[in-house]
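Chain A is fixed; fit chain B onto it per the hints.
Spelled out, the chains give:
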Amino acid sequence: MLEQNLAALPIILPLIAAPLAIILGRTMPIWILATLVSGCASIISLQLLDTVLTTGVISYAVGGWQAPWGIELRIDTANAFVLVAVTAISTLVLLFSKDSIVKEIDCSKHALFYTAHLLCLAGLSGILITGDAFNLFVFLEISSLATYTLVSLARDKRCLTAAFRYLVMGTIGATFILIGVGLLYMKTGTLNMLDLATRIDLYDSSRTINTGLAFIIVGVSIKLALFPLHMWLPPAYTHAPSAVTAFLASTATKVAVYVMVRFIFTIFGASYVFHSMGMETILMLFAIIAIFKCSYTAAMQKNVKSTLAYSSVAQIGYMVLGISLVNVTGLMSGLLHIFNHALMKGALFMAVGAVFYRLGSADISAFKGLGKRMPLTMAAFTLAGLSIIGVPLTVGFISKWYLVTAALEQSHWFIAAAVLGGSLLAVVYIGRILEAAYFQEPDEANVAKISEAPLSMLIPMWILVIANIYFGIDTSFTTEAAQHAAELLFQNGQVMEVKP
Amino acid sequence: MNSLLMLPPFLPLLIGAIFALLLRGQLRNTIMVLTPLVGALNLYGLDSGIFWSLEFMGYELQPVRIDKLSLMFGYLFHIASFIAIIYALHVKDSVQHVASLAYAASAVGAVFAGDLLTLFIFWELLALTSVFLIWARRTKKAYSSGIRYLIIQVLSGVILLAGLLIYAKLNNSLLFNEIGLENQGLAQLSAWLIFIAFGIKCAFPFAHNWLTDSYPEATPTGTIFLASFTTKVAVYALARGFPGTELLVWIGVTMACFPIFFAVIENDLRRVLAYSMINQIGFMVVGIGIGTSVALNGAVAHAFNDVIFKGLLMMTMGAVLHMTGKINGSELGGLYKSMPKTTILCIVGAASISAFPLFSGFVSKSMIMSAAVAEGYDIVWLLLLFAAAGVFHHAGIKIPYFAFFAHDSGIRTTEPPKNMLIAMTLAALACVTIGTFPQYTVYALLPWDASYQPYDLTHVLTQLQLLFFSALAFVWLNLRHMYPPELPSTNLDADWIYRRFMPNIIKRVAATMFNAYSTVEQSAIASIKLMINQSYDSEEARPKGNSARLWPTETMVIWVAVLLATYLVLYYVL
Numbered sequence: 041m042l043e044q045n046l047a048a049l050p051i052i053l054p055l056i057a058a059p060l061a062i063i064l065g066r067t068m069p070i071w072i073l074a075t076l077v078s079g080c081a082s083i084i085s086l087q088l089l090d091t092v093l094t095t096g097v098i099s100y101a102v103g104g105w106q107a108p109w110g111i112e113l114r115i116d117t118a119n120a121f122v123l124v125a126v127t128a129i130s131t132l133v134l135l136f137s138k139d140s141i142v143k144e145i146d147c148s149k150h151a152l153f154y155t156a157h158l159l160c161l162a163g164l165s166g167i168l169i170t171g172d173a174f175n176l177f178v179f180l181e182i183s184s185l186a187t188y189t190l191v192s193l194a195r196d197k198r199c200l201t202a203a204f205r206y207l208v209m210g211t212i213g214a215t216f217i218l219i220g221v222g223l224l225y226m227k228t229g230t231l232n233m234l235d236l237a238t239r240i241d242l243y244d245s246s247r248t249i250n251t252g253l254a255f256i257i258v259g260v261s262i263k264l265a266l267f268p269l270h271m272w273l274p275p276a277y278t279h280a281p282s283a284v285t286a287f288l289a290s291t292a293t294k295v296a297v298y299v300m301v302r303f304i305f306t307i308f309g310a311s312y313v314f315h316s317m318g319m320e321t322i323l324m325l326f327a328i329i330a331i332f333k334c335s336y337t338a339a340m341q342k343n344v345k346s347t348l349a350y351s352s353v354a355q356i357g358y359m360v361l362g363i364s365l366v367n368v369t370g371l372m373s374g375l376l377h378i379f380n381h382a383l384m385k386g387a388l389f390m391a392v393g394a395v396f397y398r399l400g401s402a403d404i405s406a407f408k409g410l411g412k413r414m415p416l417t418m419a420a421f422t423l424a425g426l427s428i429i430g431v432p433l434t435v436g437f438i439s440k441w442y443l444v445t446a447a448l449e450q451s452h453w454f455i456a457a458a459v460l461g462g463s464l465l466a467v468v469y470i471g472r473i474l475e476a477a478y479f480q481e482p483d484e485a486n487v488a489k490i491s492e493a494p495l496s497m498l499i500p501m502w503i504l505v506i507a508n509i510y511f512g513i514d515t516s517f518t519t520e521a522a523q524h525a526a527e528l529l530f531q532n533g534q535v536m537e538v539k540p
Numbered sequence: 002m003n004s005l006l007m008l009p010p011f012l013p014l015l016i017g018a019i020f021a022l023l024l025r026g027q028l029r030n031t032i033m034v035l036t037p038l039v040g041a042l043n044l045y046g047l048d049s050g051i052f053w054s055l056e057f058m059g060y061e062l063q064p065v066r067i068d069k070l071s072l073m074f075g076y077l078f079h080i081a082s083f084i085a086i087i088y089a090l091h092v093k094d095s096v097q098h099v100a101s102l103a104y105a106a107s108a109v110g111a112v113f114a115g116d117l118l119t120l121f122i123f124w125e126l127l128a129l130t131s132v133f134l135i136w137a138r139r140t141k142k143a144y145s146s147g148i149r150y151l152i153i154q155v156l157s158g159v160i161l162l163a164g165l166l167i168y169a170k171l172n173n174s175l176l177f178n179e180i181g182l183e184n185q186g187l188a189q190l191s192a193w194l195i196f197i198a199f200g201i202k203c204a205f206p207f208a209h210n211w212l213t214d215s216y217p218e219a220t221p222t223g224t225i226f227l228a229s230f231t232t233k234v235a236v237y238a239l240a241r242g243f244p245g246t247e248l249l250v251w252i253g254v255t256m257a258c259f260p261i262f263f264a265v266i267e268n269d270l271r272r273v274l275a276y277s278m279i280n281q282i283g284f285m286v287v288g289i290g291i292g293t294s295v296a297l298n299g300a301v302a303h304a305f306n307d308v309i310f311k312g313l314l315m316m317t318m319g320a321v322l323h324m325t326g327k328i329n330g331s332e333l334g335g336l337y338k339s340m341p342k343t344t345i346l347c348i349v350g351a352a353s354i355s356a357f358p359l360f361s362g363f364v365s366k367s368m369i370m371s372a373a374v375a376e377g378y379d380i381v382w383l384l385l386l387f388a389a390a391g392v393f394h395h396a397g398i399k400i401p402y403f404a405f406f407a408h409d410s411g412i413r414t415t416e417p418p419k420n421m422l423i424a425m426t427l428a429a430l431a432c433v434t435i436g437t438f439p440q441y442t443v444y445a446l447l448p449w450d451a452s453y454q455p456y457d458l459t460h461v462l463t464q465l466q467l468l469f470f471s472a473l474a475f476v477w478l479n480l481r482h483m484y485p486p487e488l489p490s491t492n493l494d495a496d497w498i499y500r501r502f503m504p505n506i507i508k509r510v511a512a513t514m515f516n517a518y519s520t521v522e523q524s525a526i527a528s529i530k531l532m533i534n535q536s537y538d539s540e541e542a543r544p545k546g547n548s549a550r551l552w553p554t555e556t557m558v559i560w561v562a563v564l565l566a567t568y569l570v571l572y573y574v575l
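As they're listed, the protein sequences go chains A and B.
As numbered in the numbering used here, residues 41 to 540 make up the first sequence, in order.
As numbered in the numbering used here, residues 2 to 575 make up the second sequence, in order.
Bear in mind the hints are in silico, worked out from the structure with no lab data behind them.
None of the values given here were measured: they were computed from a predicted structure.
Warning: the hint list may mix true and false statements.
Claimed, not checked - Calculated pairs, SDA-like style, for lysine to any residue (alpha carbon to alpha carbon, straight line, at most 25 angstroms):
1. Lys412(A) to Leu129(B)
2. Lys143(A) to Leu64(A)
3. Lys342(A) to Thr554(B)
4. Lys142(B) to Val96(B)
5. Lys170(B) to Lys412(A)
6. Lys342(A) to Pro553(B)
Said to hold, decoys possible - To give an idea of the interface, some chain B residues facing chain A are shown, with a C-beta separation under 8 angstroms as derived from the structure:
7. Tyr60
8. Leu62
9. Leu166
10. Ile167
For every residue, glycine included, the Cβ atom is placed at its ideal position computed from N, Cα and C.
Just chain B, same shape as in the assembly:
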């Protein structure tokens, strides 16, 4: 069907971006809503295979390669951009609309890239287009955060470029297929460079700070786009390039566990969600690392679901920010009275991320967990269980509790604009539908062949036990007033360790580190400043700086003599 609409998958979105640049008002809104629909239709009309291949400097390029894995992400990105566009319709800012559509187009382009060079181009475009969503907040903080974001993202691209150059040289091919880390010599170097480039975008531990730094600084609507694309493209790239790399299991477990601690002590609720995003990506990375078809399916299915439920949670928090102008947990509370619909939608999102049965998180997270057990990763399974409980605590309970319940902050507002409500409702419906009928929705799209049934007794029971005991602990501790009301933590056990001790230790260590760092930083800055100031061309007529100063003719001639003498001596010796 649709033989008329044979476009590269990213093109409809890009054309939409151009329309968004030129048009205004109702017409623009209509076209923007239609854009992802047309894009998805176009995608539906394309068969699997390789399109528009071309030759560049002796290498074969495949700008569009369609297979089940890329299709799954392609559909996901279209759904996500559809929802996010509706959510952002009330915004009048052209910069944001153009940037978000171009950003979505780059994400789609990246997952359909059949060669590393095309991937690199879209990889950098992702960075360049998305940074405007951060800058569009138009605060000083957002600006500098955006700069940091851009530097790290471009760095990732440069590393990718370095890796792909070596890769192309060695393999005489730029095609993007499984790479793997088990090589020797240069091949290993190139694989590691590519791996690190993917890892930075995927927010691996120690490379994750760009995410928690910048996402909460973006505009309320921009964050939805940001949360949907960049990291998921990285997950896709890892699934394509490094499936079954054992290292990824341990990286993923670390990612799933460590953000919990940070999420708990964080006050900015959107930053809490940013940490929980790393945690969810951790699950996906574990799945990719295990590398069996169930695990890989679980990873991509979880990416699929995560975009939707994390988007939903981000949207509800965005709605709160939009209506009240506040996002810190300590300043909010009691909003359920004035925003009842948003509250319910937020709880749906919270239930999904916590993996309640019948909600979308359950059907994909359990795949990864059972794959871990099946492959004998018992410790990993336990740690993932801990991480799952942590998610329930900080995303499932902390977010709705702080924003909508807890103590009444006295804020009285209304429900967010209709378009926001519609977008959130769509996402919530998607969560429930996927959770209830996985076979007809997300499982139908899975790229690898493996049958999996989430709703058996063990899974449901384990998950419910985990959740209900967590909830019980929360309720009991709350009734006994064992919590200061600002920090209603409810993890199963040991939460007091990281609530009481960890922050202190972290604070102390951080303070020492920070002092040392700032000393080093200041002296480094001072010496760099000195160097730059001394070399700067500062005066009107006659350059005086170290670098700009012109040598007198004698000096130049002396250099000539020195060089000649050196050469002669050298040749004499040789």
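For reference, chain A alone in the conformation it holds in the complex:
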């Protein structure tokens, strides 16, 4: 029974736990419930990934209604891999948030925080697992609505305008996706992804489907904050509570990247999107501008959270760049970077959250002299920062290695150079924070309150940092999964079988 329904559990568990959390009412039990649920979800997703890698794709018909009429949950390597990252990060962030939110969210809203977090997790898992295009939209809305709530919970009132901007943009993005899916439905009469794929193949060139593609690409681009549609992201990440930022930065936009991959490779098919529609040039252009423009902007920020937010947009550029190279290695580097970036950004935002916890500020001036006063936190920040830069022996290096390899395979010299150049900008924006932490004296006013962050924050932070280094050295797990996923997606893109 449990075995059979394993595929649905990462969605169902948090979805059921969310209203329970509101009913429980008291912070401590809610925290335990949320962490347990999220922990279970991550164990289940590891199990799922294992199953997928050994026995192949899992298909699960919700309520016993067979696809293409019913909703199908469909797990292959690509989404199982991202699912592992999302649920694991969610668990670690929940561990981290117990102390973190005390400083940043009103006590009365703690229950709301955990509820929204669980809903968001349910939504993200749903997006990943579902094999139905409309169902994907529904889960996207669940996760997005929960996200807007999460962002608006902070004590800092600026989070309200940030959440509002996010709400407006997010809704436009979701609407576009809905319109796009609607157009596809209008032409093909089906919503199941695989079914859509085979039917889209039948139409050689159709205005309706082309328009659907345009709406979906723009909608997803908003969701994943692809330059120039990224402007909702920096304020939202800057003013949201740190625990929320740590969670969103490493999962929400990454799931959107997955959605883009799924739409392009599984539903529309790589040859249609890239060869007939020429999307690779446009995506590549935006990705490269994102890398440079946003890395530069990141170096100009006074607020460290804002720096990291812009850095996230730049890192998304790397992922999209990998996708736009249209080869297995490129797609693989994109998927790999989804996982790896979750590890590094999670650790970085947790470190910033720890600083915020002690100093009540994430300005770069608050970081002065922290190298001596919060050595463990800053050591974690440094290591994760090195990973962002792409220093060998960290996961960042692995992602960049494969990205450069992919660019070279396609003889895109300029892009290989751009990737390496982008890393130099990362040196700048990480470097100036490290410079403040290790080479400047703290302000007099702050000296008294600085001490090392509590253990409940350090442990999840360091788990991520160690993962950063572990997966930077022993790359077999991540690269194999990403490689397998990328190969599978490419095969899907070329499947030509026609059902009667």
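Below, chain B without anything else, positioned relative to chain A:
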């Protein structure tokens, strides 16, 4: 033997660095002196071959590959660090001790690296560890000089990385063997990138300024380490990767000749030595470029000797700097009265670098020269002869003359501390021993098979003629008072051209260039400043800078519309 001590060659030195970090006082000194000895013993116990090979991302790595070429440099680096450590024993600064041992470890690691990735890692470590020896001077000038040094060294590493990535992709292997420049297409690009990376560290012309800029700014003891390792690792890398590349002959000749002019007009005696270092590396590069086994042997033998005699000269100048606090030729003079031992040791070093028979420079430099003749490079041979005379002038005569003789500056001091004297004596003994018994010392280590006899009539006679006529010219011109006493130049001929005219021309050209450059620089800086200032997030609550400013929601939505419209139009057209 020593089966107990099977460590990667760089490890003993690295462990020594950790001890140097943790310990203090007499105990640290003892361990530091023992470290290179243990390292050399470990090296002696290792057989040739490949150790600890491992797999990384589908490529085979060979972190330790031992053959005769790497062994020769390995021993050399252990000897050099032994001498330099003794020389630095009186220093109390932990930063310098740790940095110098870690630096030596990286150099050893680099020459034993069997693959390009390991080489790259040690290549960058060389830069990162050595820069502290410059910063340890703790002056503002040294700090900025160190930054410039670091930038160029890291740049070299980045170019190496780019080259090795392409190389790995094309050849499906990261192993570091002969690369050569005669390839086509991408292979050529990768070879050139690697070549340029090596060249920067090797102080090729136009990439040499980091050396003359930073070495004289380092601490008196730190310079000895710096002079021993970085460039010699590059020479090793060239000998391994690009033997027999004809281009190197001409690069090497240029390197051997041009620094002479700069060395002559330079007042800072350690900078004079830095220029003479480029000149000596020039000889080695010529040897690598010729590529016959005699020439290659000559190149590595000269690298071996150069580390020792250049180290000796640097040490004597360091001793002068340590005792008097001055290093400019115009401020020194007459020190032989108060530092007689240092004077004698300096003269030994000067004789070695000038390649006097029975001193170490002679036995290796003559190999390169005769290889040049044997391969028909007559012009190269003549230019090298000129360079050799130039060395005798600026390193053999100018250094000791300015520091210890010339006019009496009135400085009265004492001999340097005992450890400095011991280190210098060791180096001087090594110079004489190698020069007198080359067959039992440096020739025994040579990696390529070739027999060579330096002490035959032609060599000795040519060299002595060259030296004695140079000396004669010096004495005669000095007696006729044809020199201003501050600039006792003694090159064979034509020296007045570069003493009188060249500096003027150089000055004028330099002034014009400098003006143009500073105009360009200033306007560039102004525009960059403007850009940065405008984009900076400057205000407390609301970001206002160009880059940091948030777009209003309308603008974002307009972008959405623009993109959608673009896509639709595009798809319509397609």
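For each hint, the structure was consulted:
| no. | hint | verdict |
| --- | --- | --- |
| 1 | Lys412(A) to Leu129(B) | holds, 22 angstroms |
| 2 | Lys143(A) to Leu64(A) | holds, 22 angstroms |
| 3 | Lys342(A) to Thr554(B) | holds, 22 angstroms |
| 4 | Lys142(B) to Val96(B) | holds, 18 angstroms |
| 5 | Lys170(B) to Lys412(A) | violated, 43 angstroms |
| 6 | Lys342(A) to Pro553(B) | holds, 20 angstroms |
| 7 | Tyr60 | violated, 11 angstroms |
| 8 | Leu62 | violated, 12 angstroms |
| 9 | Leu166 | holds, 6 angstroms |
| 10 | Ile167 | holds, 7 angstroms |
Checked against the numbered hints listed earlier, the structure breaks hints 5, 7 and 8; every other hint is satisfied.
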